[in-house]
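> Listed below, chain by chain, are the residues.
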Amino acid sequence: RKEVEQDPGPFNVPEGATVAFNCTYSNSASQSFFWYRQDCRKEPKLLMSVYSSGNEDGRFTAQLNRASQYISLLIRDSKLSDSATYLCVVKVSNYQLIWGAGTKLIIKP
Amino acid sequence: EPEVTQTPSHQVTQMGQEVILRCVPISNHLYFYWYRQILGQKVEFLVSFYNNEISEKSEIFDDQFSVERPDGSNFTLKIRSTKLEDSAMYFCASSGGQGSYYGYTFGSGTRLTVV
Chain B
1 RKEVEQDPGP FNVPEGATVA FNCTYSNSAS QSFFWYRQDC RKEPKLLMSV YSSGNEDGRF
61 TAQLNRASQY ISLLIRDSKL SDSATYLCVV KVSNYQLIWG AGTKLIIKP
Chain V
1 EPEVTQTPSH QVTQMGQEVI LRCVPISNHL YFYWYRQILG QKVEFLVSFY NNEISEKSEI
61 FDDQFSVERP DGSNFTLKIR STKLEDSAMY FCASSGGQGS YYGYTFGSGT RLTVV
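So the sequences go chain by chain: B and V.
Anchor point for the first sequence: position 22 equals 22 in the numbering used here, and the numbering is continuous, going up by one each time.
Anchor point for the second sequence: position 102 equals 102 in the numbering used here, and the numbering is continuous, going up by one each time.
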């Protein structure tokens, strides 16, 4: 049973394109939601929290649909440095994060 | 920017040996965590620690595992008798609170290889 599910990719997109990632989660009691990015063999780094009303941080926009148990991340005007694996993360208790397997993004010049 | 520091960066050990992975969380953080990531797989929760005790642990965190905060700055993960399947990247993390939107800061990880 996959608790947090993501398209594994890879997504190969040209520099400057817009790319969207989707994520679904199974635990309806999930408390909060995040997107992390992980470079190859590095630690995950928090990209942004996902708020119920949706939120934006520069070129990044996150959306949450609690009814559908669906989270999205949109990256506009993609840069070469955006190449990484994007991890959808759901907080299911006070302390525990459940991680998706990640979607690999490759930005081509 | 404050960092979570982990040592060593890479540890090779023989099956059956004990290993201790060390972490120095961010100094004013109160909540500490260990996660692991087997190569090519998902990040998995192991344990959380608050107020000098385990607050939550996963099924992975069996009797072979223990955590300790021996001196108010270090946070350690001990694996008593390592198995081949313990080979993974182990990440320590800390957070300043446990409210819904507190993000976690991760260390750069210790790559454990059991041979």
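Please keep in mind that the hints were generated in silico from the structure rather than gathered at the bench.
Where hints are given, some of them may not hold.
As the list claims (entries may be wrong) - Derived lysine-lysine pairs resembling DSSO-like cross-links, with alpha carbons at most 30 angstroms apart:
no.: 1; chain 1: V; residue 1: Lys-42; chain 2: B; residue 2: Lys-45
no.: 2; chain 1: V; residue 1: Lys-57; chain 2: V; residue 2: Lys-83
no.: 3; chain 1: B; residue 1: Lys-45; chain 2: B; residue 2: Lys-104
no.: 4; chain 1: V; residue 1: Lys-57; chain 2: V; residue 2: Lys-42
no.: 5; chain 1: V; residue 1: Lys-83; chain 2: B; residue 2: Lys-79
no.: 6; chain 1: V; residue 1: Lys-57; chain 2: B; residue 2: Lys-79
no.: 7; chain 1: B; residue 1: Lys-104; chain 2: V; residue 2: Lys-42
no.: 8; chain 1: B; residue 1: Lys-108; chain 2: V; residue 2: Lys-57
no.: 9; chain 1: B; residue 1: Lys-108; chain 2: V; residue 2: Lys-83
no.: 10; chain 1: B; residue 1: Lys-42; chain 2: B; residue 2: Lys-108
no.: 11; chain 1: B; residue 1: Lys-79; chain 2: B; residue 2: Lys-42
no.: 12; chain 1: V; residue 1: Lys-83; chain 2: B; residue 2: Lys-45
no.: 13; chain 1: B; residue 1: Lys-104; chain 2: B; residue 2: Lys-79
no.: 14; chain 1: V; residue 1: Lys-78; chain 2: V; residue 2: Lys-57
no.: 15; chain 1: B; residue 1: Lys-42; chain 2: V; residue 2: Lys-83
no.: 16; chain 1: B; residue 1: Lys-104; chain 2: B; residue 2: Lys-42
no.: 17; chain 1: V; residue 1: Lys-42; chain 2: V; residue 2: Lys-78
no.: 18; chain 1: V; residue 1: Lys-42; chain 2: V; residue 2: Lys-83
no.: 19; chain 1: V; residue 1: Lys-78; chain 2: B; residue 2: Lys-79
no.: 20; chain 1: B; residue 1: Lys-104; chain 2: V; residue 2: Lys-57
no.: 21; chain 1: B; residue 1: Lys-79; chain 2: B; residue 2: Lys-45
no.: 22; chain 1: B; residue 1: Lys-108; chain 2: V; residue 2: Lys-42
no.: 23; chain 1: B; residue 1: Lys-79; chain 2: B; residue 2: Lys-108
no.: 24; chain 1: B; residue 1: Lys-42; chain 2: V; residue 2: Lys-57
no.: 25; chain 1: B; residue 1: Lys-45; chain 2: B; residue 2: Lys-108
> Against which earlier hints does the structure fall short, listed by number upward?
5, 6, 8, 9, 19
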